[in-house]
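Q: Just so you know, the sequences run in chain order A and B.
Residues 581 to 1047, numbered by the numbering used here, are exactly what the first sequence covers, in order.
Residues 581 to 1047, numbered by the numbering used here, are exactly what the second sequence covers, in order.
It is worth saying that the hints were derived from the structure and are not from the lab.
Heads up, a few of these hints could be off.
Because identical chains share one entry, a pair is satisfied inside a single copy or across any pair of copies.
[As the list claims (entries may be wrong)] List time: in silico EDC-like cross-link candidates among lysine to aspartate or glutamate, alpha-carbon distance up to 20 Å:
{"no.": "1", "residue 1": "LYS801", "residue 2": "ASP709"}
{"no.": "2", "residue 1": "LYS680", "residue 2": "ASP702"}
{"no.": "3", "residue 1": "LYS680", "residue 2": "GLU917"}
{"no.": "4", "residue 1": "LYS801", "residue 2": "GLU885"}
{"no.": "5", "residue 1": "LYS820", "residue 2": "ASP711"}
{"no.": "6", "residue 1": "LYS1028", "residue 2": "GLU935"}
{"no.": "7", "residue 1": "LYS820", "residue 2": "ASP686"}
{"no.": "8", "residue 1": "LYS619", "residue 2": "ASP681"}
{"no.": "9", "residue 1": "LYS904", "residue 2": "GLU626"}
{"no.": "10", "residue 1": "LYS953", "residue 2": "ASP686"}
{"no.": "11", "residue 1": "LYS680", "residue 2": "GLU636"}
{"no.": "12", "residue 1": "LYS642", "residue 2": "GLU878"}
{"no.": "13", "residue 1": "LYS906", "residue 2": "GLU701"}
{"no.": "14", "residue 1": "LYS820", "residue 2": "GLU636"}
{"no.": "15", "residue 1": "LYS975", "residue 2": "GLU626"}
{"no.": "16", "residue 1": "LYS642", "residue 2": "GLU590"}
{"no.": "17", "residue 1": "LYS906", "residue 2": "GLU589"}
There are 2 protein chains.
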Amino acid sequence: RLPFSRVTEEDLAFFRSVLPGRAVTDPDLLESSNQDWLKSVRGSSELLLRPRTSEEVSQILKRYCNHRNLAVNPQGGNTGLVGGSVPVHDEIILSTALMKDIRSFDSVSGILTCQAGCVLEDLSLYLEDRDHIMPLDLGAKGSCHIGGNVATNAGGLRLLRYGSLHGTVLGLEVVLADGRVLDCLATLRKDNTGYDLKQLFIGSEGTLGVITAVSILCPRKPRSVKVAFLGCDTFEQLLKTFQLCRAMLGEILSAYEFLDSECMRLLNTHLQLSNPIRDCRFYIVMETSGSDPTHDEEKLHSFLEAAVTSSLVTEGTVATEDSKIKALWALRERITEALTHHGYTYKYDVSLPVEQLYQLVTDMRGHLQGRAKSVVGYGHVGDGNLHLNISSQAKDPALLAAIEPFVYEWTARHRGSVSAEHGLGLKKRNYIYYSKSSQAVALMGQLKALLDPKGILNPYKTLPDEQ
Amino acid sequence: RLPFSRVTEEDLAFFRSVLPGRAVTDPDLLESSNQDWLKSVRGSSELLLRPRTSEEVSQILKRYCNHRNLAVNPQGGNTGLVGGSVPVHDEIILSTALMKDIRSFDSVSGILTCQAGCVLEDLSLYLEDRDHIMPLDLGAKGSCHIGGNVATNAGGLRLLRYGSLHGTVLGLEVVLADGRVLDCLATLRKDNTGYDLKQLFIGSEGTLGVITAVSILCPRKPRSVKVAFLGCDTFEQLLKTFQLCRAMLGEILSAYEFLDSECMRLLNTHLQLSNPIRDCRFYIVMETSGSDPTHDEEKLHSFLEAAVTSSLVTEGTVATEDSKIKALWALRERITEALTHHGYTYKYDVSLPVEQLYQLVTDMRGHLQGRAKSVVGYGHVGDGNLHLNISSQAKDPALLAAIEPFVYEWTARHRGSVSAEHGLGLKKRNYIYYSKSSQAVALMGQLKALLDPKGILNPYKTLPDEQ
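Chain A extracted, bound-state conformation (with noise of 0.2 Å):
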């Protein structure tokens, strides 16, 4: 049904002089493009052509790809978790790594403008230097670029603060599949001319066109960051902390996030890394962020009493200066790099109200009586956000047997989203009637005829295969 890439001598040439130094067919060079981050999903594509500029990827999609019928898959970092980022067959791959520049930075409005493969920690060390931060930040940081970001509309770690990047986003440069190149790369923070087109590719995962260039709000750098890292026998407690906390810290609660005693003792046999305070069942991680470091420990001060007081918190330690910090959210962010070293992971992302989220890892536990060889849960709570791993000493079908659908139905019966922020690619697209209409799912696949007629852009991804 979609078309493979039938790459001719004829067809490399045509890369080759486009792209000089750039089109890569040795096979050792390939092979980290094909395969994705978790080693889960392999491809077998035979070229990776490099652009450095929005002209070279119009070019190779608009004389070549899509007059030729040759399937495309753009990639980022490759950090995505869906299998999203590689190429299933052999499609192409067109990678944004040398899509590094950064366009420019305005210090009065914050700004930022650059090029789609700029990795998202070097964003974030060039806007230190300005005095302002990104407005996202997530485990894989040192390796995603923007532009997937974008593309896979990346929650992370500081949402529950600075919002979705559906509205810190104020611009989209993208190739389109026909190769126009839409310019919507606007640097103001309001425009109501028309209809808000850029919204329609944050989060398409590269199925509706290519991401070149982003432009995107970023928050001045706080004076002060706190982190406190707390201890809760219950996972009400947690949320009745999370209430007191939003009540007590307001405005400067910038990260509530959360990890269970089973993922503490991954960290501890796999990484190494040491529990700083005493065992407890659930453990938060909980950021602030100010302008003023008095009134910040004064508020962290008056909440962490308040919560001791009520006996809501049984322990905990606070950090203030940057490399404690760092230890500190490395138990949170690390979690997903401890599981990969025990074992093969089943892993489902998903949003539920709140009140419910953990019931889920309740639940699944009693549903798999021990059949798993651990079932941790963590995530973000401010954002009703739930990571549930499942882990196993390899492959094992009869375990997948019991985890789905059970766990998809779970999910729709309680109204949440079976992918809440690491999106469908290839692994997940099929579960997306678990969390929306057909009629939905109807209009989804009219747009990408409209955008992609020749179904050219990362085929056999985010759409179900049944429309």
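With chain A fixed as given, assemble chain B onto it according to the hints.
A: Chain B only, in chain A's frame:
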């Protein structure tokens, strides 16, 4: 080219059966729905429909309007400023006035779900009792509907702090032109299952679908709100004061608005509102919202001291009690009203890089050389959004010819937007090319054709005559 309504007795019988007592044909009752708030545009509709449910809206569109090619003008509170909210000819008016149910509010997550016809101020009062606020606020709050706010992507006074509706709206229920009910009414902060369809309808001015329900993320009510009214001698000082204020007030800054001395004169003359400080060239209305009154007081005090010491601000007054806060806000919110008493007003609403914000007013005064009764500037400094208003005794085609296209060319030259928050509606749609590329406008046309192939929804709005 576009369908007119040709309402027959048979049609009327159908509408009366679906909406007993709510299919209005009395010309007196239709009067206020045919004319916009500014009295600048008047339609000649003979039928006003007042559905209560999305099912009724669906029946009206599916079984009748789409089938019979009857054009429809969706209408909320009819407070729009660009002629988008009234019929142009004899389109059927589809009012959301009776869709006023609040469906749910979750005080843990702050997520409100309600029908499209809820009046913004009613929602604010409802939330007030529940310790939350709406993430948007605007002068028209007493009559505008939340559905209309979303359809026009309303900006307003809180955007600086809480961001745009593209970020705060979590879900929409939309009836499409053919009567299909699109249920995207999620109540989750994160959901990456497929394309984010609801974004299409935010800011599409009723041309792609009729919004019937909204879910929206509401911030907690701040424990302390303070407003300062300050005077500056130059716009450069006003901008420097903004920079100082972003640095010193940080996370508690919730609005930074301005008006010029000419606005103050109109407020004095037409509404008898007096200036609370001595005369200056520019005035700032600045608001802080925070969770700790003492901390906020300290921050505001330090900022004011620094602003006065460095001679950025020449005079000022601060309000902490509700009635004085309202009085200070009135000086900003009632400028539009004062202008309606001043004569015929040509209204412009542009986004610009903040450094150039007032230069347009100065240049326009120079360009018109006294031909206008007055040229005033006010707006949302924090968002780079200027409201430029030019008054004359009565409609004056020669004056208009001097203003346009000058104002649009000036804005385009500075890479601004010719409509920051008012939208395009009927009056501004043909200026879209000053801010959008022909590629982008063409794609908008394709989206319109996909979602409303017969063009029955709010015809003559948003999209330009020539595509």
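Q: Now tell me, hint by hint, if it's right for this structure.
A: Each hint tested on the structure:
no.	hint	verdict
1	LYS801 with ASP709	within (10 Å within a copy, 34 Å between copies)
2	LYS680 with ASP702	within (10 Å within a copy, 48 Å between copies)
3	LYS680 with GLU917	neither (27 Å within a copy, 49 Å between copies)
4	LYS801 with GLU885	neither (27 Å within a copy, 23 Å between copies)
5	LYS820 with ASP711	between (34 Å within a copy, 17 Å between copies)
6	LYS1028 with GLU935	neither (36 Å within a copy, 40 Å between copies)
7	LYS820 with ASP686	between (41 Å within a copy, 15 Å between copies)
8	LYS619 with ASP681	neither (30 Å within a copy, 50 Å between copies)
9	LYS904 with GLU626	neither (45 Å within a copy, 70 Å between copies)
10	LYS953 with ASP686	neither (51 Å within a copy, 37 Å between copies)
11	LYS680 with GLU636	within (14 Å within a copy, 52 Å between copies)
12	LYS642 with GLU878	neither (59 Å within a copy, 59 Å between copies)
13	LYS906 with GLU701	within (14 Å within a copy, 44 Å between copies)
14	LYS820 with GLU636	neither (53 Å within a copy, 42 Å between copies)
15	LYS975 with GLU626	neither (28 Å within a copy, 68 Å between copies)
16	LYS642 with GLU590	within (16 Å within a copy, 52 Å between copies)
17	LYS906 with GLU589	neither (50 Å within a copy, 73 Å between copies)
Taken one by one, the earlier hints fail for this structure at numbers 3, 4, 6, 8, 9, 10, 12, 14, 15 and 17, listed in ascending order.
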